[in-house]
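Asker: Go ahead and model the full structure; you've got the sequences and the hints to work with.
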Amino acid sequence: MAERMYVIIVGAGKVGWNLARELLEKGNEVTLIENNRERYLTVEQELEHNVQYGDASELWVLERAGISRAEMVIAVTGDDEDNMLICQVAKEKYLVDRTIARVNNPRNREHFELLGIKPLVSATDLILRLIEHEVPEYGLIHLLDLPEQRLEIIEMLLQDDSKATGQRVGDLEMPEGSLLISVLREGSGFVPNADTVLQSGDEILAVLDPTVEEDLTAYFGPDGQLD
Amino acid sequence: MFVLIVGAGRVGSSLARRMLNDGHEVSCLDEDPESHARLEIELDRQWEDMGGQFTVGTALEIEALTAAGIERADVFVASTDGDNTNIVISQIAKRRFNVPTVIARVLDPYRAEWYEHQGLHTICPTRVAIEMLSNEVRTAAARAAGELPPPGGVDAEDADV
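Residue numbers (my numbering), protein chains in the order written: chain A, 1 to 227; chain B, 1 to 161.
Since the hints were made in silico from the structure, they are not lab data.
Each hint should be verified, as a subset may be incorrect.
Cβ-Cβ distance ranges computed for the label pairs, FRET-style [to be verified]: (1) B:D49 / A:E113: 34 to 44 Å; (2) A:L114 / B:P150: 54 to 64 Å; (3) A:L95 / B:R95: 18 to 28 Å; (4) A:L143 / B:T66: 32 to 42 Å; (5) A:E113 / B:H117: 17 to 27 Å; (6) A:M5 / B:D74: 41 to 51 Å.
20 Å max Cα-Cα, derived EDC-like pairs, lysine to aspartate or glutamate [stated by the list, open to error]: (7) B:K94 / A:E176; (8) A:K163 / A:E176; (9) A:K93 / B:E116; (10) A:K91 / B:E116; (11) A:K93 / B:E113.
Cβ coordinates follow ideal geometry from the N, Cα and C atoms, glycine included.
Answerer: Structure representation (structure tokens):
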């Protein structure tokens, strides 16, 4: 992180506390806000003036923490409504450029989205993705979604029966709007060139327009048919 | 009219009875099944027999809101004990379900004021209490300064106590 940022973190649970510590170590200015007195006193022993006691959904608490000059607000409390409201107020009232919200219950994700709060971090979703990652039967894995830029990065495991297995990268008929960016083979990754020959067991990473996802799945997937 | 009240605490349940009495169709959603008893205070019949509806569920669950009838609600009242919950579910009622009238009870005056400016209709009982108490104290001060007569019908000796 080249530039020093002022970051407000709400919620001094395990996530918030560790996040504050890491960001401070990287040279950022951090205020952590915690509304449980006992927890605050514990965290305060280490973080001292970098932690404040109060309910961050009260506007004056955010103002006391200097929200108007914050470059980023991260809401990681255990309460989804609090995280939603804090990010909404940070963005819309105090014009903070960047907010990050934690989603505790994945079913609340749609509410965050309805209120225009993003990006979202959900431990449940992350673990689900890890499970997908460990279980190749799921086929395509979403590594990164950028819906506004209409881009996503996906990972796929090549099987014996995939049409792409045994092909030169230069000969691949990649759908328009997709690009092969790297290959993970036997534990290490590399950027392929036109002469790279894809093997069964390769994990390939591709960047693509979400609308061609199905074409790409069909091409690299087990059936190996491209319409 | 069909009135959906989320949060059947002291305020929500009294409002529910009153609206039912006024002849409206009333549905309540509360996460605590015990709240049902509060709806029946001073009623000689069951809430359901009076035509009322009661659903147990969390306000943020779309299934619970749907079961409580949000899709056909004319009025949505958010009166849970959480300001943030009330603010969030009111926005869901407005933006997602297009309920024509949405009212959120918000105890924190500052949050209430800001969301009111954002177009969310908020009722802030704290603000009302502050107004009433300020008026009382001001009246007492004016009386002490001799600008007002003592409270009507009370003689001087009692007023001193």
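Asker: Are the hints correct? Go through all of them and say.
Answerer: Cross-check of the supplied hints:
no.	hint	verdict
1	B:D49 / A:E113: 34 to 44 Å	holds, 41 Å
2	A:L114 / B:P150: 54 to 64 Å	holds, 56 Å
3	A:L95 / B:R95: 18 to 28 Å	holds, 21 Å
4	A:L143 / B:T66: 32 to 42 Å	holds, 34 Å
5	A:E113 / B:H117: 17 to 27 Å	holds, 23 Å
6	A:M5 / B:D74: 41 to 51 Å	holds, 47 Å
7	B:K94 / A:E176	violated, 41 Å
8	A:K163 / A:E176	holds, 17 Å
9	A:K93 / B:E116	holds, 12 Å
10	A:K91 / B:E116	holds, 17 Å
11	A:K93 / B:E113	holds, 12 Å
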